[in-house]
Amino acid sequence: MREQRITVTIDAEGKMSAKTDGLKGETCIEELEALLSELAELDDVKHTREYREKDPRSAQRNSTKQRLGGN
Amino acid sequence: MSGVWTEKSVPMTDNECAVEALEEIGATILASNQNQIRIRINGQEWAMQRNHGRYSIRFNRRTQANSLNWMNSIGPVYEEAVQRKLRRLRTEEETAQLESERAEIQAQREAFENQRQELIEQRKQEILEKAKTLGYRVKQTEQNGQIRMVLVRTA
Chain A
264 MREQRITVTI DAEGKMSAKT DGLKGETCIE ELEALLSELA ELDDVKHTRE
314 YREKDPRSAQ RNSTKQRLGG N
Chain B
46 MSGVWTEKSV PMTDNECAVE ALEEIGATIL ASNQNQIRIR INGQEWAMQR
96 NHGRYSIRFN RRTQANSLNW MNSIGPVYEE AVQRKLRRLR TEEETAQLES
146 ERAEIQAQRE AFENQRQELI EQRKQEILEK AKTLGYRVKQ TEQNGQIRMV
196 LVRTA
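Chains as they are written, first to last, in our numbering: chain A, 264 to 334; chain B, 46 to 200.
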């Protein structure tokens with residue numbers, strides 16, 4: 264089982280920051296948007312090496328789509 | 046780690062201070078009330094709506110993020126406006142001649158001071174609720190006025 268972690272910090276001025284661990288590819292942005300987009304503008308998410316790795320779940324979804332589309 | 050995000054500016058909760066800060070960074074105020082501030086800056090018009098306890102702008106992250114660079118500088122300017130307003134209210138409270146007048150200013154100052162704490166509490170609660178909906182377990186700690194929420198889920 265893979266652990267997914269998001270650490271959200273709210274400082275004394277009310278300003279928020281967040282960092283994710285174990286979330287790959289677009290899943291990282293999707294999760295931050297699901298969690299925070301109503302509260303703040305998610306304009307500038309810095310991506311790390313892990314972000315650029317493919318999320319196996321979305322890769323599987325794409326592969327299934329391709330198979331379905333190819334038939 | 047796969048992604049890091051930091052909010053561009055401190056959340057602006059007070060209309061008067063927000064207007065002051067926006068003018069200081071070169072914005073023209075087109076209209077302003079408690080629910081909305083419309084401005085023009087760098088040749089573009091923006092509407093800041095009061096939403097979730099603060100003034101915010103809805104925009105398309107993929108196409109408009111760069112034109113919001115002016116927001117990078119507003120945080121410290123807004124903070125100065127907050128400190129100025131607080132000093133003014135304290136002075137007015139101290140020098141008020143009538144007891145009723147003093148009580149009114151005191152209530153105004155306390156409401157102003159509580160705005161930020163209310164926003165923090167609101168943000169914390171909304172994150173907690175959303176995290177549970179998304180299936181995360183949440184561990185929360187607080188140190189030196191900073192709240193840290195660790196959300197964990199197994200996939």
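Because the hints were derived from the structure by calculation, they are not lab data.
Treat the hints with caution; some may be incorrect.
[Unchecked claim] Within a straight-line C-alpha distance of at most 30 Å, the following computed DSS-like cross-link-like pairs (lysine-lysine) qualify: (1) B/Lys184 to A/Lys309; (2) A/Lys309 to B/Lys130; (3) B/Lys169 to A/Lys278; (4) B/Lys175 to A/Lys282; (5) B/Lys53 to A/Lys309; (6) A/Lys282 to B/Lys130; (7) B/Lys177 to A/Lys309.
Hints and how they fare:
Restraint check for lysine 184 of chain B and lysine 309 of chain A: the C-alpha separation of about 24 Å stays at or below 30 Å, so the hint holds. Of the supplied pair hints, the one linking lysine 309 of chain A and lysine 130 of chain B is violated, its CA atoms being roughly 35 Å apart against a limit of 30 Å. Straight-line distance between C-alpha atoms of lysine 169 of chain B and lysine 278 of chain A comes to about 11 Å, which keeps the hinted pair within the 30 Å bound. For the proposed pair lysine 175 of chain B and lysine 282 of chain A, the alpha carbon gap of about 16 Å is at most 30 Å, so the pair holds.
With a C-alpha separation of about 13 Å, the suggested pairing of lysine 53 of chain B with lysine 309 of chain A holds against the 30 Å cut-off. With a CA separation close to 34 Å, the supplied pair lysine 282 of chain A and lysine 130 of chain B exceeds the 30 Å bound. Restraint check for lysine 177 of chain B and lysine 309 of chain A: the C-alpha separation of about 25 Å stays at or below 30 Å, so the hint holds.
Of the hints listed earlier, those the structure fails to meet are numbers 2 and 6, in rising order.
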